[in-house]
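Novice: The task is simple: from the sequences and hints, build the whole structure.
If you want the building blocks of each chain, they are given just below.
2 protein chains.
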Amino acid sequence: AGGRAKRARSQKPCSLKELEVTVTDLGLGYESEETVLFKYCTGTCEAAAKHYDKTLKNMRKNKMIKRGKDRPCCRPLSYDDDVSFLDNYHEYHTLKELSAKECGCV
Amino acid sequence: AGGRAKRARSQKPCSLKELEVTVTDLGLGYESEETVLFKYCTGTCEAAAKHYDKTLKNMRKNKMIKRGKDRPCCRPLSYDDDVSFLDNYHEYHTLKELSAKECGCV
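Note that the protein sequences, when read in sequence, are chains U and A. Here the first sequence is numbered in the working numbering, starting from 1 and rising by one per residue. Here the second sequence is numbered in the working numbering, starting from 1 and rising by one per residue.
Note that these hints are calculated values from the structure, not bench results. Where hints are given, some of them may not hold.
One-sided excerpt, in silico: chain A residues whose CB lies under 10 Å from chain U [unchecked claim]:
#1 T55
#2 N58
#3 K66
Only pairs whose alpha carbons sit at most 30 Å apart, straight line, appear in this in silico DSSO-like list of lysine-lysine [unchecked claim]:
#4 K61/U <-> K57/A
#5 K39/U <-> K66/A
#6 K17/A <-> K17/U
#7 K63/U <-> K63/A
#8 K66/A <-> K12/U
#9 K50/A <-> K54/U
#10 K17/U <-> K54/A
#11 K101/A <-> K57/U
#12 K50/A <-> K57/U
#13 K66/A <-> K57/U
#14 K39/U <-> K61/A
#15 K54/U <-> K17/U
#16 K61/U <-> K101/A
#17 K101/U <-> K63/A
#18 K66/U <-> K101/A
#19 K12/U <-> K50/A
#20 K101/A <-> K101/U
#21 K50/A <-> K17/U
#22 K57/U <-> K39/A
#23 K12/U <-> K63/A
#24 K39/U <-> K63/A
Every beta carbon over 12 Å from chain A, so not counted as near; a handful from chain U, in silico [as the list claims (entries may be wrong)]:
#25 E34
#26 E46
#27 A47
#28 D70
#29 C74
#30 D82
#31 L86
#32 D87
#33 H90
All figures in this text were calculated on a predicted structure; none of them were measured in a lab. In this text, a Cβ means the ideal position worked out from N, Cα and C, and glycines have one as well.
Specialist: Here it is in structure tokens:
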């Protein structure tokens, strides 16, 4: 269970996961024990690599290009509805684009 | 100009760059001296971080979540037309989705 074991990759394809957390746990600076269902995108996108990605990877390897994201990202394609909550000071807040609705390799 | 200088980040916002290269340079396994204009996306997407990204970043920091892309990626929003070329053996090939047409933070 050292640093070496961590490097093994057995990730599943890009998909939506969810976790119930308190608003405080979101780490956005609000204090509230109200819970929200936080949905996020995680997983691999290797199967989605296009000629574009393969070329960028080769050209970075050959130092013809310095930077550029050479593999698709597992990201939200759309976001859930706004989330509203009362904080511990009885103030009402609304957060936009907090939680993913749908994921994809982009 | 050692390893340290490399770490300084002064990247521009996500945008399209281009480079004229030979088909051989694409590294896709084709041998041809024909040139193509390879257009790719590069640059930062920090300004595009949403509540989603900030939350994911905090939750990864606090080990509540293991993985998940916590910042937007600078990626093609659309791709250029197919690219056709003759290789050194006089065979004709067409490559789809080789070059970016438009970039964005996704």
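Novice: So is C74/U really clear of chain A, every C-beta pair being over 12 Å apart?
Specialist: violated (6 Å)
Novice: Take the C-alpha atoms of K61/U and K57/A, compute the straight-line distance between them, and say whether it is at most 30 Å.
Specialist: holds (29 Å)
Novice: Take a quick look at D82/U and tell me if its Cβ sits farther than 12 Å from every Cβ on chain A, holds or violated.
Specialist: Label violated. Min Cβ-Cβ 10 Å, cutoff 12 Å.
Novice: If you draw a straight line from the CA of K39/U to the CA of K61/A, is it 30 Å or shorter?
Specialist: holds (17 Å)
Novice: Does the claim that D87/U lies outside the interface with chain A hold up, using a Cβ gap greater than 12 Å?
Specialist: holds (15 Å)
Novice: Holds or violated: K57/U with K39/A, Cα cutoff 30 Å?
Specialist: holds (13 Å)
Novice: Taking 10 Å as the limit, does the beta-carbon of K66/A come near enough to a beta-carbon in chain U?
Specialist: holds (8 Å)
Novice: Are the Cα atoms of K17/U and K54/A separated by 30 Å or less?
Specialist: Cα-Cα ~17 Å, so holds.
Novice: Grab the minimum beta-carbon distance between D70/U and chain A and tell me whether it stays above 12 Å.
Specialist: Per Cβ check, D70/U is inside 12 Å of chain A; nearest 9 Å; violated.
Novice: Is the interface hint satisfied for N58/A? The criterion is a beta-carbon contact with chain U at less than 10 Å.
Specialist: holds (3 Å)
Novice: Are the Cα atoms of K101/A and K101/U separated by 30 Å or less?
Specialist: This hinted pair holds, its Cα atoms lying about 27 Å apart.
Novice: Would the pair K66/A and K57/U pass a check requiring their Cα atoms to be no farther apart than 30 Å?
Specialist: holds (26 Å)
Hint check: violations occur at hints 6, 7, 28, 29 and 30; the rest are consistent with the structure.
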